[in-house]
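Colleague: Please model the complete structure; the sequences and the hints are all you need to start from.
Just so you know, we're using the working numbering here: the sequence shown kicks off at 51 and counts up by one.
Rather than coming from a laboratory, the hints here were simulated on the basis of the structure.
On a predicted model such as this, the values are computed, not experimentally measured, just so you know.
Quick reminder that beta carbons are idealized off the backbone N, C-alpha and C, glycines included.
One should not assume that every hint holds.
Listed below are the simulated EDC-like cross-link pairs for lysine to aspartate or glutamate, each with C-alpha atoms no more than 16 Å apart in a straight line [as the list claims (entries may be wrong)]:
| no. | residue 1 | residue 2 |
| --- | --- | --- |
| 1 | K388 | D245 |
| 2 | K388 | D146 |
| 3 | K388 | D241 |
Label pairs and their computed distance ranges (CB to CB) [stated by the list, open to error]:
| no. | residue 1 | residue 2 | range |
| --- | --- | --- | --- |
| 4 | L137 | Y186 | 41 to 47 Å |
| 5 | E206 | V92 | 38 to 44 Å |
| 6 | P196 | T84 | 27 to 33 Å |
| 7 | R369 | P196 | 25 to 31 Å |
| 8 | E165 | G300 | 41 to 47 Å |
| 9 | D163 | V60 | 51 to 57 Å |
| 10 | A67 | P248 | 52 to 58 Å |
| 11 | D245 | A121 | 51 to 57 Å |
| 12 | R287 | A105 | 43 to 49 Å |
| 13 | P196 | A344 | 27 to 33 Å |
| 14 | V197 | V226 | 19 to 25 Å |
| 15 | H191 | A105 | 46 to 52 Å |
| 16 | H191 | V226 | 32 to 38 Å |
| 17 | T84 | D290 | 18 to 24 Å |
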Amino acid sequence: MTPLNVLLAVGAACWLAFQLADRLLTHRVWWWATTDVLPPPVHVLVPVCLLAGAAAGTGGPRGWTAAAAVASLALGARHCGLSPRALRGLRRPAADGIRVVCWNTEHWDEEVDTEAFYAFLRRLDADVYLLQEHIYDAGVHAPPVPVDFRDRLEREFPGHHVLIRGQFVTLSRFPVVATPDIGAPEVFRVDLRVDSLPGAPVLSTYNVHLPVHVFLENPFRAALYREIRDRLSSRNRQLDRLIDDLRANGLPAVVAGDFNLSRSQGDIARLSAVATDALRACASLYPVSWHRGAAWLRWWRLDLAFTSRGASAERYAFRDPEGLSDHAVQELTLTVRKDG
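Modeller: Right, dumping it as structure tokens:
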């Protein structure tokens, strides 16, 4: 038995133990959330490398190493960020679909050219805009600075209704039916009557921005872990209320926003109990939405979109923000049927 075989066997055992622990601890203990900093592809790359090492070696516990690697690959595949559906080809979106864009603007126009910012928004030419961070930045650990650009938005988008709640902006070409408060400050629900479609169905839109819960800071600072615990608790409460409202809502709905989830499959599974991940309509094999300003951080899809009831995503793509934000723009084409 060579030292390399022993090293591979130990590595396979440790990685399998990690994947088993992830199944048991995710959403159950707050400190496990710190593992979210792992780039999603490592959940495939590590077991694949272990398998390659076992195949290349001779003698020793090669069978055990391979079996452990296969088991951990099966467990970790849900976190890898790949969308195999993209390989099957996608149907063309319906011509009468509703164009929805969703974007974390990264503190609105605070650090970019204001005219370029609004020109970019206009070029998106959407029926419905779900925008986050209509605020200015005061630092990671400080409350944001409120802003109010309603007058500018009304001038820039004369054909849209302008709705603002805190950091959220929802712009709609369709009439507004209601703005129910679902008890989650980081979710803004707006119900719209889609008068361009037969029967004028009502569509619920959920504009989402959940709190960042893990920071790449000094790991020896105790306050860091207290903040992670508190933010994770807040995020999970918001997500629970969103899910409860979706479950009780009989209307077609679209849910989109910055979920600030890196290894997000656990939360996608929770949402998938009441909605459908728009990823099924995405042509990209490995879609990512952050960080658009630094290529070495471009590993995560933090921005998600879901549909439910009579709403369906026919097309789902990410658009380059042209240097105006660290988040890509989510673009969806929806079909909506009445009494979904």
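Colleague: Does each hint hold? Answer for all of them.
Modeller: Hint check results:
no.: 1; hint: K388 to D245; verdict: 11 Å, holds
no.: 2; hint: K388 to D146; verdict: 15 Å, holds
no.: 3; hint: K388 to D241; verdict: 14 Å, holds
no.: 4; hint: L137 to Y186: 41 to 47 Å; verdict: 42 Å, holds
no.: 5; hint: E206 to V92: 38 to 44 Å; verdict: 42 Å, holds
no.: 6; hint: P196 to T84: 27 to 33 Å; verdict: 31 Å, holds
no.: 7; hint: R369 to P196: 25 to 31 Å; verdict: 28 Å, holds
no.: 8; hint: E165 to G300: 41 to 47 Å; verdict: 43 Å, holds
no.: 9; hint: D163 to V60: 51 to 57 Å; verdict: 54 Å, holds
no.: 10; hint: A67 to P248: 52 to 58 Å; verdict: 56 Å, holds
no.: 11; hint: D245 to A121: 51 to 57 Å; verdict: 53 Å, holds
no.: 12; hint: R287 to A105: 43 to 49 Å; verdict: 47 Å, holds
no.: 13; hint: P196 to A344: 27 to 33 Å; verdict: 28 Å, holds
no.: 14; hint: V197 to V226: 19 to 25 Å; verdict: 22 Å, holds
no.: 15; hint: H191 to A105: 46 to 52 Å; verdict: 48 Å, holds
no.: 16; hint: H191 to V226: 32 to 38 Å; verdict: 35 Å, holds
no.: 17; hint: T84 to D290: 18 to 24 Å; verdict: 21 Å, holds
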